[in-house]
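Colleague: Construct the complete structure from the given sequences, taking the supplied hints into account.
Protein sequences, first through last, are from chains A and B. Quick note on full-length UniProt numbering: the first sequence kicks off at 1 and runs consecutively. Quick note on full-length UniProt numbering: the second sequence kicks off at 1 and runs consecutively.
In case anyone wonders, no lab produced these hints; they're calculated from the structure. All of these numbers come straight from a predicted model, not from anything done at the bench. Be aware that one or more of the hints could be misleading.
[Claimed, not checked] To list a few chain B residues with every Cβ distance to chain A over 10 Å, as calculated:
no., residue
1, T181
2, G182
3, D234
4, R285
[Claimed, not checked] Covered stretches of chain B, going by a simulated chain A footprint (3 or more residues, C-beta under 8 Å):
no., stretch
5, 331-337
6, 345-359
7, 370-384
Don't be surprised by glycine CBs; every beta carbon is placed ideally from N, CA and C.
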Amino acid sequence: MPESLTRAIRWDTVVGALLIVVLLLSFGFVDGFGNALNLSFLIGNTLPIALIALPMTLLVVSGEIDLSVASTAGLSGAVMGALWNQGMTIETIIPLCLLLGVVCGLINGLLVTKLGLPSLAVTIGTLAAYRGIAQIVLGSDAVTDFPSQYLDFAAGRIGDTFIPYAFLPFLVLLAIAVVALHATPFGRSVFAIGASEEAARFAGIRVKRQKLILFTVTGLMASLTGVFWALHYASARYDNATGLELSVVAAVLLGGIDFDGGKGTLGGAIAGVFLLGALQNVMSLQDVSAQSQIVVTGVLLVLSVLGPRVARQISVARAGRRAASTPTS
Amino acid sequence: MTHPSDTGPAPVVALKGISKSFGAVRALRDVSLELFPGEVHALAGENGAGKSTLIKTLAGVHRPDAGHVLLDGEPVVFHGPGDARDAGIAVIYQEPTLFPDLSIAENIFMGRQPRRALGRIDHKATHAATLALMQRLGVELDPDRPARGLSIADQQIVEIAKALSFDARVLIMDEPTAALTGSEVARLFGVVRTLQEQGAAVLFISHRLEEIFQICRRVTTLRDGAWIASELLDGMTEDDLVRRMVGRDLDELYPKQDVRPGEVALSVRRLTREGVFTDVSFEVRRGEIVGLAGLVGAGRTEVARAVFGIDRWDGGEVSVDGRKLTNGAPSTAMAAGLALVPEDRRAQGLVMDMSIERNIGLTGLRTTVKAGLMDRGAERSRSLDWAVKLQVKYARIADTVSTLSGGNQQKVVLAKWLATQPKVLIVDEPTRGIDVGTKSEVHRLLSQLAADGVAVLMISSDLPEVLGMADRVLVMHEGRLTAEIPRSDATEETVMAAATGRAAA
Numbered sequence: 001m002p003e004s005l006t007r008a009i010r011w012d013t014v015v016g017a018l019l020i021v022v023l024l025l026s027f028g029f030v031d032g033f034g035n036a037l038n039l040s041f042l043i044g045n046t047l048p049i050a051l052i053a054l055p056m057t058l059l060v061v062s063g064e065i066d067l068s069v070a071s072t073a074g075l076s077g078a079v080m081g082a083l084w085n086q087g088m089t090i091e092t093i094i095p096l097c098l099l100l101g102v103v104c105g106l107i108n109g110l111l112v113t114k115l116g117l118p119s120l121a122v123t124i125g126t127l128a129a130y131r132g133i134a135q136i137v138l139g140s141d142a143v144t145d146f147p148s149q150y151l152d153f154a155a156g157r158i159g160d161t162f163i164p165y166a167f168l169p170f171l172v173l174l175a176i177a178v179v180a181l182h183a184t185p186f187g188r189s190v191f192a193i194g195a196s197e198e199a200a201r202f203a204g205i206r207v208k209r210q211k212l213i214l215f216t217v218t219g220l221m222a223s224l225t226g227v228f229w230a231l232h233y234a235s236a237r238y239d240n241a242t243g244l245e246l247s248v249v250a251a252v253l254l255g256g257i258d259f260d261g262g263k264g265t266l267g268g269a270i271a272g273v274f275l276l277g278a279l280q281n282v283m284s285l286q287d288v289s290a291q292s293q294i295v296v297t298g299v300l301l302v303l304s305v306l307g308p309r310v311a312r313q314i315s316v317a318r319a320g321r322r323a324a325s326t327p328t329s
Numbered sequence: 001m002t003h004p005s006d007t008g009p010a011p012v013v014a015l016k017g018i019s020k021s022f023g024a025v026r027a028l029r030d031v032s033l034e035l036f037p038g039e040v041h042a043l044a045g046e047n048g049a050g051k052s053t054l055i056k057t058l059a060g061v062h063r064p065d066a067g068h069v070l071l072d073g074e075p076v077v078f079h080g081p082g083d084a085r086d087a088g089i090a091v092i093y094q095e096p097t098l099f100p101d102l103s104i105a106e107n108i109f110m111g112r113q114p115r116r117a118l119g120r121i122d123h124k125a126t127h128a129a130t131l132a133l134m135q136r137l138g139v140e141l142d143p144d145r146p147a148r149g150l151s152i153a154d155q156q157i158v159e160i161a162k163a164l165s166f167d168a169r170v171l172i173m174d175e176p177t178a179a180l181t182g183s184e185v186a187r188l189f190g191v192v193r194t195l196q197e198q199g200a201a202v203l204f205i206s207h208r209l210e211e212i213f214q215i216c217r218r219v220t221t222l223r224d225g226a227w228i229a230s231e232l233l234d235g236m237t238e239d240d241l242v243r244r245m246v247g248r249d250l251d252e253l254y255p256k257q258d259v260r261p262g263e264v265a266l267s268v269r270r271l272t273r274e275g276v277f278t279d280v281s282f283e284v285r286r287g288e289i290v291g292l293a294g295l296v297g298a299g300r301t302e303v304a305r306a307v308f309g310i311d312r313w314d315g316g317e318v319s320v321d322g323r324k325l326t327n328g329a330p331s332t333a334m335a336a337g338l339a340l341v342p343e344d345r346r347a348q349g350l351v352m353d354m355s356i357e358r359n360i361g362l363t364g365l366r367t368t369v370k371a372g373l374m375d376r377g378a379e380r381s382r383s384l385d386w387a388v389k390l391q392v393k394y395a396r397i398a399d400t401v402s403t404l405s406g407g408n409q410q411k412v413v414l415a416k417w418l419a420t421q422p423k424v425l426i427v428d429e430p431t432r433g434i435d436v437g438t439k440s441e442v443h444r445l446l447s448q449l450a451a452d453g454v455a456v457l458m459i460s461s462d463l464p465e466v467l468g469m470a471d472r473v474l475v476m477h478e479g480r481l482t483a484e485i486p487r488s489d490a491t492e493e494t495v496m497a498a499a500t501g502r503a504a505a
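Modeller: Quick look at the structure:
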């Protein structure tokens, strides 16, 4: 069997195709979907998921996970609001918020690598803790009066096109992430760690250091998302981005990143993110309630764990038949 | 070559003209085999000769495309492993899979424990039944002990007991001795002889030829899926058997070249890891192959792990070419020119889901790099180079290593480490579970490396291998280095004496 055929059923390709199908169907059948303004909303509302999905993809490939990302985003938004109320300039506040994200990620990473705790448990704990701190910092206030040029950048689009301003820096970050995962020695080691941590260690890969880097970068990106969120929606509240981790994890797994680590591509993950974003957009246009949208996201999460496994089994069966028809010894 | 007709009783189980294909691969072609009660029968052949397929056919996992399985002379069709088990055929695999948190007794009677009123499990009866099985085998194991922490040897005994509890009349033992030490092998053979006396038929597979001669009466040889011979071992030599298996005369199994040792390359001084090994000091010079012998659990692997930096040491120091290594840092050990081919190639040596190319490439993440990015061309040619040099048999370099045979997987591990062009190579059980042809290739390779000036430290439980390959033999016993024996004085007796702590040589 030609290699192209077994490649064709790789899950990330399936998701890419699915994304195109959903977009085409939406263009054709959903009122109000195809205009530039709605598309810019779609992209803008999906960017928070996409931003966090970049480091989350690397983290899940390495066999770990960070569920505290939405709380880190909320905390950094809350701190942003509180410092703004204190009269600090936004140019000082944003770097401080990013630094806070680094600290949040570092705490997760140290708990996982130094104490050897499972990241699922650690980050459920910090999910609650970081959100709690956010509430202590800002209470029930909503800070909305950020400088207008920042708000315009975070919410606006380029002329009458469908492209939000913020999409451009995202593309740069995406390119960096793709190169980091798929073209650097670091990325190679991330795949090796996820596929077999022990074998990676025996190959001289500094497993703990790599994981610490991944958690720290994830914290950084989560806080960047928190800053973006507060500006995009012109509202810094302690409960910003609540539940965003569900969307991020669902999208990443939907994109074919194996929950057990070691497998997946960033292209697939990003296709998964925008597939989820497009579905959420369509549901909003159809007046599907937010609660029902969460149900759909949850169902997608389950399907996305299932789908790649089925696809892989089919491809393994095919590869098995192929191997059986080309004797090697 | 004829089928034997020197027997009184009828065979318990027989295969007649079995053929089995997977796609275009003909795994078995017209193979026949008879197992008689009370006989231990060897199944010999290189990796890929069809031994596994034959076992799986007997065990009901595969259904033959042609031919019959005869049970007590009657043709039967096994629809699954359950049918074969009910017919009294049991397979003991190399690495048993017990439930670690259940006791020995619970493992044996899993799902069919004796019951008391209200369906409660009768622990007393389970305990007693297990004890009876152990007595039948002549082994002392506490039925209430959890399976976790049992040695592989003990786990096999539990599997055998479990087979007996199913009234197995035919035991198929697939490389049971691969992971056992000398004394454990002796105990296992004791059990096998007991079973034999009780009338069981045993099909025994091992890559260690001397074991086949030690325990078996007859041998059936397969080569490339075809039946070659079934014959009495009496009067045969190891060379005869190897010739049947490989179809030609094999070059010498231990092609050790004489090399004049050079500078000290690896120096280990008073290395201690508390509770594991104590005060271990030795040197390996360029051009030397130093054997590290001892019983399993003596601390050999642990010393290798600490030297390479996988585990931290509590005291002492390690240097390569005079450069001290950092404690617990494999990456600095690698940079200093140290390589470790670990004991467990599937878990430690290879990332099983990764391609051959990427696995070899893993040790080159610092070298096959251009401007911070992977240099894929360099990575591929480095991997191809070494895969070819070591004659790894593969279809495509991008195939996952899990598709390779054990011997070829081991060659990939060796390729991965030789690609770093190490000054010091530590190999831990380099030929465990690989066929005799590949084994001699590995030995020739180690000998050549030493001749090229690499310092080789070889940990092995295979005594003939240690004696055949090593310039010097270090022996460990209970975490201490108990002897250093020059090649001229090294014999099975002197090494075993030091390994069991009976004498300081």
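Colleague: The structure should be examined with respect to each hint, and the outcome stated for every one.
Modeller: Hint-by-hint comparison with the structure:
no. : hint    : verdict
1   : T181    : holds (23 Å)
2   : G182    : holds (27 Å)
3   : D234    : holds (32 Å)
4   : R285    : holds (24 Å)
5   : 331-337 : holds (count 3)
6   : 345-359 : holds (count 9)
7   : 370-384 : holds (count 3)
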